[in-house]
Amino acid sequence: MLIFALSDETFVLNYYTKIPQEYDKTKVMTWIAALDWTYWVTGAFLGGFAGSSLNLQIKGLDFVMTALFIVLALDQIRHEKNHLSSISGFVVTIICLLLFGKTYFLIPTLLILVVEFYFIYKQRAKKENTK
Amino acid sequence: MNVVERIITIAIASITNFLTRCLPFAIFNDKKTKALPFVDGVGKFLPPAIMAMLVVYCFRNVNFSAQPYGLPELIASALTIAVHLWRKNMFLSLFTGTISYILLLNFVF
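As given, the protein sequences belong to chains L and Y, one line each in that order. Counting from 1, one number per residue, gives the positions in the first sequence under the working numbering. Counting from 1001, one number per residue, gives the positions in the second sequence under the working numbering.
Treat the hints with care, since some could be wrong.
[Claimed, not checked] Quick list of simulated restraints, FRET-style, between CB atoms:
hint, chain 1, residue 1, chain 2, residue 2, range
1, L, T30, Y, V1062, 36 to 44 angstroms
2, Y, S1065, L, T30, 42 to 50 angstroms
3, Y, M1090, L, T103, 29 to 37 angstroms
4, Y, V1108, L, K126, 48 to 56 angstroms
[Unchecked claim] Calculated pairs, EDC-like style, for lysine to aspartate or glutamate (alpha carbon to alpha carbon, straight line, at most 20 angstroms):
hint, chain 1, residue 1, chain 2, residue 2
5, Y, K1044, L, E116
6, L, K81, Y, D1040
7, L, K102, L, D62
By construction, these hints were calculated from the structure, which means they are not laboratory data. Idealized CB from N, CA, C, for every residue including glycine.
Turn these sequences into a full structure, and let the hints guide you.
This is the structure in structure tokens:
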């Protein structure tokens, strides 16, 4: 059930929420997803309706998304102990954007990040073997 | 596009969308993931990096080499960060950032 409901917002919420022990994890996540979808559908409907009847264009409103990701990344950075992942995400993406152009840079970015983690993982394994 | 072509397009989109969502769940469940420490590790390592990636992604259309050198975006982002660090209120940060960007774009630059 949850698989179909997976959307970006749901992922973010489920990833960040610490679900209290006394609740069933799957149940809470399903509810988040279900409510998310209701908001989404209602919001899109109302937006489309209002937008077509008002017919006004606000230049720059799309910055909401940028601001949202900035806030989320900032919260992530404030709460994590190790900044390696955030920093490499930032740096690798910029490099890939410059190298591959703005249409195709996301896939190389993800591949490079996985490869990077492969080396981190190897190093960790080595350290644990020498202990 | 006629009706048949539209149906085919929608069908292709649904199937690929469905597959990309289903496959990871079919291949990795909780038990298997625990048995594969590398996959488990990727699952823990990637999310913060992806957050940072999405921030950069939002800036992909900004041209820093020509007027106004991405200044409206940079100022609005700085404001968003400042307000968020100050009040730690997500909606306030989003509101301030977006409003300031709209104002900057329409009236200043």
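Does K1044(Y) pair with E116(L) here, judged by a C-alpha cut-off of 20 angstroms?
-> The hint holds at about 13 angstroms.
Hint consistency between K81(L) and D1040(Y) [alpha-carbon to alpha-carbon, up to 20 angstroms] | Satisfied, since the Cα-Cα distance of roughly 18 angstroms is no more than 20 angstroms.
Are the Cα atoms of K102(L) and D62(L) separated by 20 angstroms or less?
-> The hint holds at about 18 angstroms.
May I ask you to test the hint 48 to 56 angstroms on the CB atoms belonging to V1108(Y) and K126(L)?
-> Because 54 angstroms falls inside the window, the suggested range holds.
Note whether the CB distance of M1090(Y) and T103(L) lies within 29 to 37 angstroms or breaks it.
-> At 31 angstroms between Cβs, range holds.
Is 36 to 44 angstroms right for how far apart the beta carbons of T30(L) and V1062(Y) are?
-> holds, 38 angstroms
42 to 50 angstroms as the expected CB spacing between T30(L) and S1065(Y), which holds or is violated | holds, 47 angstroms
Violated hints are absent here; each numbered hint is respected by the structure.
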